[in-house]
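In this note's numbering, the protein residues as written are 122 to 267.
Because the hints were derived from the structure by calculation, they are not lab data. The structure displayed is predicted, hence computed values, not measured ones. Note that the Cβ used here is the ideal one computed from N, Cα and C, for glycine as well. Check before you lean on any hint, since a few could be wrong.
Stated by the list, open to error - Result set (DSS-like, lysine-lysine): computed pairs, CA atoms no more than 30 Å apart in a straight line: (1) Lys124 x Lys183; (2) Lys183 x Lys223; (3) Lys256 x Lys124; (4) Lys223 x Lys124; (5) Lys183 x Lys256.
What the hints assert, rightly or not - Here are the simulated distance ranges between beta carbons: (6) Val206 x Asp252: 34 to 42 Å; (7) Asp212 x Ile260: 34 to 42 Å; (8) Arg242 x Met159: 50 to 58 Å; (9) Glu226 x Asn262: 45 to 53 Å.
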Amino acid sequence: MFKCYIQMPVEDLFANILLETRQISDGLRHLDVFSGAMERASFLRDLAMLSGHKWIGTEAGKNLDPIIRILEAELDAETTMITQVFHGHNDPDHGAVGSVEKRRELTARGEAASSMLQSLRRLQCMLEVADARIKAERIVNLRLQV
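The whole structure should be built from the sequences, with the hints applied where relevant.
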């Protein structure tokens, strides 16, 4: 995922950040994982600040951590069972060759939380890459001025 965002033009990266932020805020309005209306309003305000360019910086990715922790706890609560799925084949000489993956069986609410969690992690990744690219550009510009 990082490679895609590193090679993307900066303008496209910021456009994707804004688009992802708006999609997440729309999804959070309908997802019932917050303890109250005040907590939901607080997180939506933070996301609105991000799409208003007031929040993009070194702390932007870290500011998403509380929402991610809430959704991870919700994911644990909405897991009905964990199943093991084998990916591979049965070799007559060596036996089972492959790997075993643990998969969560989620409720409908858990599926929505999982989707939102993936979006938040993707946004966090984009913010980290954008921050690093802006810092690198500033360093290059400072060195070229000398």
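Earlier hints that do not hold, by number
7, 8
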